[in-house]
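Engineer: Top line first, the protein sequences correspond to chains U and L.
At position 323 of the first sequence the residue is numbered 323 (my numbering), and the sequence of numbers has no breaks.
At position 94 of the second sequence the residue is numbered 1045 (my numbering), and the sequence of numbers has no breaks.
Because the hints were derived from the structure by calculation, they are not lab data.
Even glycine gets a Cβ: it sits at the ideal position worked out from N, Cα and C.
Check each hint, because a few of them may be wrong.
Using C-beta positions, here's what the derived DEER-type ranges look like [stated by the list, open to error]:
#	chain 1	residue 1	chain 2	residue 2	range
1	L	Ala1004	U	Lys398	56 to 62 angstroms
2	L	Ala1004	U	Asp320	37 to 43 angstroms
3	U	Tyr31	L	Ala1004	51 to 57 angstroms
4	U	Tyr31	L	Asp1082	52 to 58 angstroms
5	L	Asp1082	U	Pro135	49 to 55 angstroms
6	U	Pro231	L	Glu1079	33 to 39 angstroms
Covered, in the sense of this in silico footprint (three residues per stretch, anywhere, with C-beta under 8 angstroms from a C-beta of chain U), are these stretches of chain L [said to hold, decoys possible]:
#	segment
7	989–995
8	1022–1029
Partner residues are not named here, just some residues of chain U that face chain L (Cβ under 8 angstroms, in silico) [said to hold, decoys possible]:
#	residue
9	Thr122
10	Val311
11	His315
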Amino acid sequence: MTSSVLQASDEPEAGRRLRTVSAPPRLWWVYVLVTLALAATGAGAAEALFVTQDVGDYTAAQACLTSNGISVSEARPPASAGPIYATCTHDYNRRLAFTSLAGAAVLPVAAWLLMVFGGLSTRWRLRPRRLVEVPPHLDLLTARFMALCNSQDLRGRRRPRLVLAPPATAVTDAFTTGLPGGRPWVVVPLAYAYTDRAAFDTVALHELGHVRARDVLWASAVWWAGWLAFPALVLALIPILNLPAAMWDFYGGSLIIAMVTAVSLLVVRAALLRRRELAADRHAAHATGNPDAMAAVLRAGSRPASRAARVFATHPPAADRLAPTERDERWDGGFVFTAATGIVAMLTYHGVHAVLADLLGFVDTDPRLSADVALAVAALLWTSVVLPAWTRRAALPKPRWVGSRSGAVFGLVAGFCLQVPGASAAITDFFAPERPLLIAGLTLAAFAVSVLTSAIATRLAEPEDSVLRRRLSKFGASLTVVVALTAAVSGTVSSVATYLLFPDPAIARGHVVALGSDRAWQYAPVLILAGLTFVTLQQRWRRPRPVVVAVIVVTAVAGGAAAALSWVLRVQDGQDNGVRYVLVYQRWWICALAGLVAAVAVLLANRRRGATLAGAPAALVSGLLVTSVAGAIQYVAVRIAGHAKESTIFQQSVEVPGWLLLVALIVTLPLTSLLVSAWARRDPRRGTALWAVGAGAATVLLAAALIDGRLAAVTVAQHDYEAEQAAMALGTPPLAPVTAVVPSTSEDHGRPLDEPAATAALAHLSAVLPPDAELEDNAPSTSPTVTPPACDAATKKLTTTEKAMPRTADVERAYKFAADGTVGGAHVTASVTSYTGVENLFSEMDDELRACGHYRTPQEIYDGGHLDGVVTAGPVPALPYPARTRNYSLTGRFHGKPAIVVIRDCSVHVGHNVITVEVFGGYLQKPPSQAELELFDRLVTNLVTKLTGGL
Amino acid sequence: MTEKARPEGAGREGVVLPARITVELADLAREVVAEVAPDQLPYFALVTAEWTAGKEPRKPAGAWSGGEIGLGTDLPLLSNIIFTVLTGTAGQVLGAAGFAGLQRRRWWRRRRTARPAQLVLDVDRIDEIRDACIVHAQTLGLNEAEATLLSDAVHGVLRRAADGGRL
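Isolated chain L, as found in the complex (with noise of 0.2 angstroms):
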């Protein structure tokens, strides 16, 4: 859940604006899907169980054996991405501290009652969110029109919790 934010600003119709916003990663990421392919929430729900869980969803699967004979491509699935997309993109905007709370947990912590993880985040800085979004979506194989469209969502689900909007 999004913490409150703090009353650090003054917006339109005196209503006060937060300079600085809060934001749980997978409230975040489920917003944007549920704006932009809401078909997939029941199978996102299922990866973000595993996210949270501390494994990586994209992790290949084991084919030691030499009996599995695979497509040889992974479907981008926006639930399937959409987690990588956030951290890349938290990680080179915020830099290593804020990347740091971001990092994927590993498998000796899962029994610790981890901190759910959070993006905190300058208000100013959003707009620079919706353009390395765009940079790392197609890093990971969506095409420009795909891309932009998915950093919009991001863009607004992050300008509406700025706004004092619930996520």
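In isolation and in its complexed conformation, chain U is listed as follows (with noise of 0.2 angstroms):
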């Protein structure tokens, strides 16, 4: 409080003039950002709603993978059932697309509705009736306002309303408020009428600066963001918060996750407001002209703060306010912001991932083109967020880039690594037993991304007057770091998915190098080519230094000559397939590796002393250069030598080292960026010769190793083509090992057989059936009426004339045995009828199976009385009679809990006698894992092997 406030004044401020200023930059990607937080968010929410609700009908989806034989339980499908999944899920994913996108909707226009709702409760509390004290006279102070927004060209439709607020609207702080589309209001307490003209000034052109920044509606919207993302979820948990375990058990993660955003985005909304604040003070302060008139109105009225308090506090201390430095603007691009947009891209991957399976799965068979799509989304989303503000950061005297690139790694792999609230966790689970080494593939990818992408806004940060120059070389640099981003992210997540599946580093070695042919990043490297040499275009052009010719020359002619040599010299006809794999390889990572020598050596011998960022992209020109062109000198060695006479080779020569040099400067990344922050201390030193040497020598040095083996663990290694074409076999697994049948020739095993010789087939079952399986009693015979009519008049025709065949034994056993997820464990039953004649059952069967195939059978002691039932016919063994297998899938509730009973039924026919067996288990809750249901299908195979070859 200063003397003129006790001393209350109307007179003019004098002798200072107001200046126009530029507007505080506006925070466009927290748009950006908050409005895809909410999709993702909603998108999650309308997952769970759609899973606790059962908008897709997944008793259905399950009872049809489950009677296929293919578990719902697994966190994916075995390969071999493709289509029959796809089939099943058809439905149930294209709803669950249509639902998630619905919420992905519905979350940002919900923000949007609650800050239309929230601006207007705000224009109600300050309704004119409530202003109606405000003294006329005041209409000076109205004039003047206008002058201030005339001052800042904010006129017509851009002029904020001015709202005097008296003692009875309780505002005793100046602020902005405003709502979407409509003008902002500026509402000063009436209190500054009464105090002297420049606290009036320096009050309303600080919120001049928030009006002509736009800040009202990003902090409105991450605000509503902050408190929609919990609630969000628990209302699509409503229908199982009866079961709280079953809850926490599928959602505590999400519950876990939804909290932590919502607090993190209020936090970071509040320390972002903080930074606008000192924008907007600063904006005051250079519009009067007097940097002094914003300290007295604070050191007047400011309130100290506990340190707790502060993390939510909008505004920063009086101190920081009045004492402004340079450091309030290294928030821009730093560790907070580039970790939260490295997440939010991440969610945002995650979702259009998702959506796009759905929808998608069906259109193209591998499941990389949703998740690289996917993954262009969340790069093109980074890129465009932390590029520009990385470009500014660059552009500050001393720019430090550990809090940068630290919160690049640290939100992209955490963004990954995460699921966003209330959707399936699929991606995570499927990664789970490999997680420290996605996490690791992970780091060291982003982490390369992150230094090529502060490399690039060096770049960019260095000043042009060309607008043509400019704006290509920000094309570029999108395009650069778009491309390298997804390839990099991508690669490292189909390599790890990879192991995985086949945990074999050979497999996963071939899968790294294999990309370099793969439809979409065999471009990878033309394309950042492209985008860099734009980059590189910022800059008039200006002849290369000698030293970086020679180095170019000398590496590619080297690294060229070394490949060609490498397989001119140890190629023979007659060779098998692996050592022409391991040969042609070879060549290509020898030109990679000429590539990563000229790409260091450039980079050290064309800096600037200490300023190594800034050459980081020419470096990275150079070595695609290199490596594309000691590509095309070895392709025409080897023409020339007789070999690589395919139209494509000339095409793989150039892409795929090319890849090759990428995956090697990531890898390499931490070790090459040691030494050359270490080599970029001492002075630059000329000597283009022996820079030439050094690097040709180098590239010599590196090509012997690899050709020697002593790289062959991180490049190609003898047995990788054989461990990449065991694995293609093992691309369709058979369904259950089968026991081979070898009828016996002695015996007709289709001869009718009496009452002891069908017990005798049935006596040795313990063989293959599992060690606790115990003898039980047979279960009497039921027929109960199912429904449709269709269905229960087919059962009963072939209950009917199975009954009515005459027949010389009929011998059944009864087996129990302790199985996993079962409730009281899983049941068999298998049995011998002889009959006199040679009957076909199948043809009652099949009308059967016709009618039933979806059906329901009255079950007392489930809930509604009753279960439903899918019938499919199922893969039948491979013996050498007729056979028939049904696969029964009966899903209902047992006191509210879903429930689902599997049985596998198969039915042979031997001359005159029917061996059938069934297998059958009961689960509660949790649906049948997938090695459950191989393990029904295994025992039904052995069972009816054994009991063929017993007759």
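Join the two chains into one complex using the hints; note that each chain is given alone, in its own frame.
Structural biologist: Shown next as structure tokens:
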């Protein structure tokens, strides 16, 4: 409080002219991030609602899958289940995708409506009836406010409305408010009418700074995003609130993440607002031309805050506001900024991936399509937010990158490993067994991308007058970062996934190099080269220094020659594919290593003292050029030697080494960055010949080490080809190991049996049953009335026909054994029925199968007194006799909990005899796992095989 | 309005001076504002109306919607803080009994005919009021000079009342 406050005055401020100043930069990226965060949260909550309300008819999809021998409790379906899995889950996935999309739209709309509602409530609080106490003579203040607006070019609809708030409105602090699409309001307590003009001008211009930066809307949007994140998920979980244990099992992690997200959003909002207050303070100080004006206002009314309260405080302490330094610029592109961007980008990836996978699963069988498209979207988002911020950061006097890069790594890795609250954790669950490997790989990839982005930003921050060149370089920079980020993350993730599926380093290594021929990533080196070339156009063309040209020429020739020689000197006629595979990839790896040497050498030789970052794009361009030229040289040499006649080899010889160079740059970055930072402290040395010879020698040494096998563990090794072929052969594994049936020729297996012979056939089943199987009493046969009537009629017809057939023996054995997840264990019944004639029951069975695709059978103990069944034909065992396998899946609820009964039934006709084996088990809450279903299948096959051979 | 002073003592020139004075708080505040910042009197009238209606003039506006970006600092205009200074000072000097009568009205009491808040003070404690007033004014953001100026005004008004003057 100053004496001027005690001595109120309406005197105009004298001696100072108002200045037009530039508006504080708008935080447009916050709108993007908060909208996407809301969309991801909404999609996750909608997915939770979809599950808890069973919008997709989960039981039908589950029944279909289970009856086809596919478990729904697994993170991924078996490779052989593709078409059946897609058919069974088509409707479910489509509904899920549209529900997620609806949720992604609803939550941002809800936030927008709440923003409108909040703005309207403020206007209601400041309704005209409450403002009547404002004395009419204060029109002068309104005129002054208009003059302030005019000074900042706020005219027409852009001009905010001034509201003088009397004590009755309880407004004690000037503020800005607004409605989406409406004119903002600047609300100033009436008390300012009784203080000096300078205080009013300062406060009004501070608020006009917020108006010009449009701070109100993003602040409101983030506010509601924070407050909606948790309740949205809780609302979706209402249907299972009465099952707290199940809710915690399935959604405990989601609830924690939603809570952390909500708090984080509010903390980040507060931190951002503190920065915006400093920007508005500067706006007022510059516009008034009086840096002390704000100090007078702040000194008067500052309130101390506790340390804990400062985390959520939307205003910085008065001391910080009175002495703003350049430190307040460093938040832009700093750790929190980049980490938040990375997390939102990756949450967007998860959301887009889920929707695309659900929608496009039947369009393209390659699951990487949806993943790669989603990654490209996330990379575009990350780049469009981070690259401009880092460019601003690079323009600061002494930019620091440790926090920025750490934020990039943390955000991208944590965002990928997190699940969207409420959404299926399919991806995170899939990678759970190899999470450390995934995190290590992603950390390496994200670090490489962050270094590349900071280097490009440093280059972009250099002044350039040409608008065209500036735009071209920005385009090239964005293209480079998007492609690099997408390729690096996609390559890492798919390589770890490959290692998960086939835990063999040889196969994972083969996958990494094979990505160079991938339909999408084969173009990554070319796109990056083009983008970086545009980046280097930021400045006028200058002739390259001789040392750069020399290094490029020498490494390209040395690499190409070494690669060609490695082939020509070792290739022989009659070599098997495994050896040729190693020779080809070693050729390409040598070209890539030549590019790696060139990139590092150019970076070090071409640097200005201590400034290596700005030279990184040019060094990378040099590396890619060297690799391409070396690839072309070795192709020509090999072609002259009479090899590589296929038309695609040249393209591969250029593209694949380019990809391998990117891999080498990423993997070796921790080492090369240490080397470069250590070397950069030394004075730049001239000596073109020395650099060229050194780079050439390093290329040759690396080539020799590669050929000698010293780099085999990280490049290509003997037996990689065989491992890859073996993995491909596993693409469609057999469903169950089947014991080969070798029918004895000594006896007629189809002869009619008497009771002792049938009993004897069943006597040795324990050999193929689980060790704990116990004989149990045979259950009486029942014939309930099922619906639809056609199914009931078909079932009864089969039963009647079968019972009417004359027989010589009819023996059945029932067993019980412990099986994971079942209620009371699983059961096996095996029977041998010998008829006097050679009958064929399969026509009736097939009729039943057709009529009972979906049916309902009465079961009193279940809720509603029934179970819904699905029956499908299953694969028949490899036997030389006609057989039928039927897979039954019955679903319902038991005391409110989901229940499922799985039945495998197989009948084999062997002449006069019919062998029937049935395995079944009941599951509560959790459906059977794939391993359990495969156990049932294996049991059926082994029992039928045993019985057939024992007749 | 100030009540009639009771003749419990004698002053100079044989005038009987009160040993205890009773002052309406709103009158005391208005006199202080009129002395220190007379231009604020129209605004002070609005503040007084809110205060006597039982509302807290310094209660911060609600920002539940997140759509209000404030300056982050209140303007400690004399009219805004005078009631807080005076009630705090009275509470400190006169204790709970003296303070009870000055507590802010609650909203559920608004319909009652409230007795105007009064300050009942022994004359020999006026100096204590001045000293306490300096402390409270500084607590509310005034610097020492401003706080002293305000306290002197309060002291002067009370002294005039003790001397038989009208508020």
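Engineer: Flag every earlier hint the structure violates by its number, smallest first.
Structural biologist: 3, 5, 6, 10
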